[in-house]
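Let the sequences and hints guide you as you build the complete structure.
As you go down the protein sequences, you meet chains F and S in turn.
Going by numbering that gives the first Met the number 0, 132 is the number at position 133 of the first sequence; the sequence numbering is gapless.
Going by numbering that gives the first Met the number 0, 75 is the number at position 76 of the second sequence; the sequence numbering is gapless.
Please note that a few of the clues may not be correct.
With a cut-off of at most 25 angstroms between alpha-carbon atoms, the simulated SDA-like pairs for lysine to any residue come out as follows [what the hints assert, rightly or not]:
#	chain 1	residue 1	chain 2	residue 2
1	S	Lys69	F	Gly173
2	S	Lys69	F	Thr167
3	S	Lys69	F	Arg162
4	S	Lys138	F	His150
5	S	Lys138	F	Ser219
6	S	Lys138	S	Pro122
7	S	Lys69	F	Lys138
8	F	Lys138	S	Ala186
9	F	Lys69	S	Ala32
10	S	Lys69	S	Glu159
What the hints contain is simulated information worked out from the structure, not anything from laboratory work.
Quick caveat: nothing in here was measured; it's all calculated off a predicted structure.
The chain contents come next:
There are 2 protein chains.
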Amino acid sequence: MITLYDLAGADDRLRFSPFCFRVKLALLIKGLAYRVERVRFVDKDKLAFSGQGLVPVLVDDDLVISDSWKILQHLDQHYPASPQLGADRASASLDFLRFWCDRALHAAIFRIAAPFVHAQLTPEDQTYFRSTREARLGKTLEAIAAERPQHVAHLQLMLEPLRGLLSTHAFIDGAAPGLGDVVIYSAWLWAEAAVPFALREPNDPIAAWLDRVRQQWPLSAINV
Amino acid sequence: MITLYDLAGADDRLRFSPFCFRVKLALLIKGLAYRVERVRFVDKDKLAFSGQGLVPVLVDDDLVISDSWKILQHLDQHYPASPQLGADRASASLDFLRFWCDRALHAAIFRIAAPFVHAQLTPEDQTYFRSTREARLGKTLEAIAAERPQHVAHLQLMLEPLRGLLSTHAFIDGAAPGLGDVVIYSAWLWAEAAVPFALREPNDPIAAWLDRVRQQWPLSAINV
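The following block contains the structure:
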């Protein structure tokens, strides 16, 4: 029996953790059934058994694993008969794509999404989110919201390498969707869950890729 | 007989085109002898035979090829017995690394390097470089030089994914140097040729990688 601890907004149905999306996509690809335990930012006690305070946490029978990449590696090792994700034999250049996503793309999305995420949290989570995120950003959520046009322009500029890739390949992994698509699509699902306007540009190769990847992995099959 | 048209500064020995470095590294890896024809920015007539105005241009007997990636593909196809670069069978994620280099890293280096490049050109090239680059930047070279601290900080931030990769792999291609290393090292050689201060940070995994890659491909073997 697999249980995933997934971050939820004030509305239980709202999920927006990119790292939880990564695990949910992996479970979908591997065709593994699981139940979700919803946690909120302030529910640190619910995760205490994992020895740390961050989602995703995956409980697989008596195994407890945190960190999304380690969870993907576990799923491949533990369920070798279902489709392989390949997280433990990723190429160096796929690792680069992942580090770019985690260290650059997420930061760019966060500057746009943070005020919208805040608006969709429970009052207790709002207090926690505001104080931790304003400390990280070095400014108030209102200040970051006022700068939105420049953050959107920055995101569009930094998506250029992805547009280059998707002008010459159908999927981020090449001819078929794979681990690279899981990584970037997870970031995009977070952005779409939080931000009430489209982040793709007209005639954007990213939009065409999203259509293809959404057909493969529809949101209704991801947020169980 | 192979001839490479390579961009030179006022001093013939100064070379700083990242796309020319890419080709020179490819020729080094494949062990192919070649001669260099030095061109300057204003020498468009010297390149007219190639049907366009940009370096690198490679002349291989009666074949004329511009665009560094097409040159790499040509070298593999034409010289299959020497070590393969793999440019025509690059993975999608290596293409991403290349697009990131061409569309993001180069732009970040350019904002730091431009005033230093300008100072090292012939008077005719200085006039050409100033007018074309100030139009591209939307500001004067002096204005971009005055903003240098923020451009250096931006570069350091955007190098984070590369640091992630090089914390877990010896080379950008993984265990051994390859095409990804050629791409990023070429950008770095340009930065080092132009900028009179080190762009790596203390304890930077990029610095350790540079030591390894420089041992493999020393500058003295690249600028023939």
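Hint by hint, here is what the structure shows:
1. Only pairs whose Cα atoms come within 25 angstroms are accepted, and Lys69 (chain S) paired with Gly173 (chain F) is accepted, the gap being roughly 20 angstroms.
2. Taking the CA atoms of Lys69 (chain S) and Thr167 (chain F), the gap is about 15 angstroms. The hint holds against a cut of 25 angstroms.
3. At most 25 angstroms may separate the alpha-carbon atoms for a hinted pair to count; Lys69 (chain S) and Arg162 (chain F) meet this at roughly 20 angstroms.
4. With a C-alpha separation of about 21 angstroms, the suggested pairing of Lys138 (chain S) with His150 (chain F) holds against the 25 angstroms cut-off.
5. Among the hinted pairs, Lys138 (chain S) with Ser219 (chain F) is inconsistent with the structure: their alpha-carbon atoms are about 48 angstroms apart, more than 25 angstroms.
6. In summary, the hint linking Lys138 (chain S) to Pro122 (chain S) is supported, as the alpha carbons are separated by about 20 angstroms, within the 25 angstroms threshold.
7. Proposed proximity of Lys69 (chain S) and Lys138 (chain F) is contradicted: the alpha carbons are some 47 angstroms apart, above 25 angstroms.
8. A C-alpha spacing of about 34 angstroms is found between Lys138 (chain F) and Ala186 (chain S), which places the hinted pair above 25 angstroms, so the restraint is violated.
9. For a cut-off of 25 angstroms, the pair hint linking Lys69 (chain F) to Ala32 (chain S) is broken: about 47 angstroms separates their Cα positions.
10. Only pairs whose Cα atoms come within 25 angstroms are accepted, and Lys69 (chain S) paired with Glu159 (chain S) is rejected, the gap being roughly 29 angstroms.
Checked against the numbered hints above, the structure breaks hints 5, 7, 8, 9, 10 and satisfies the rest.
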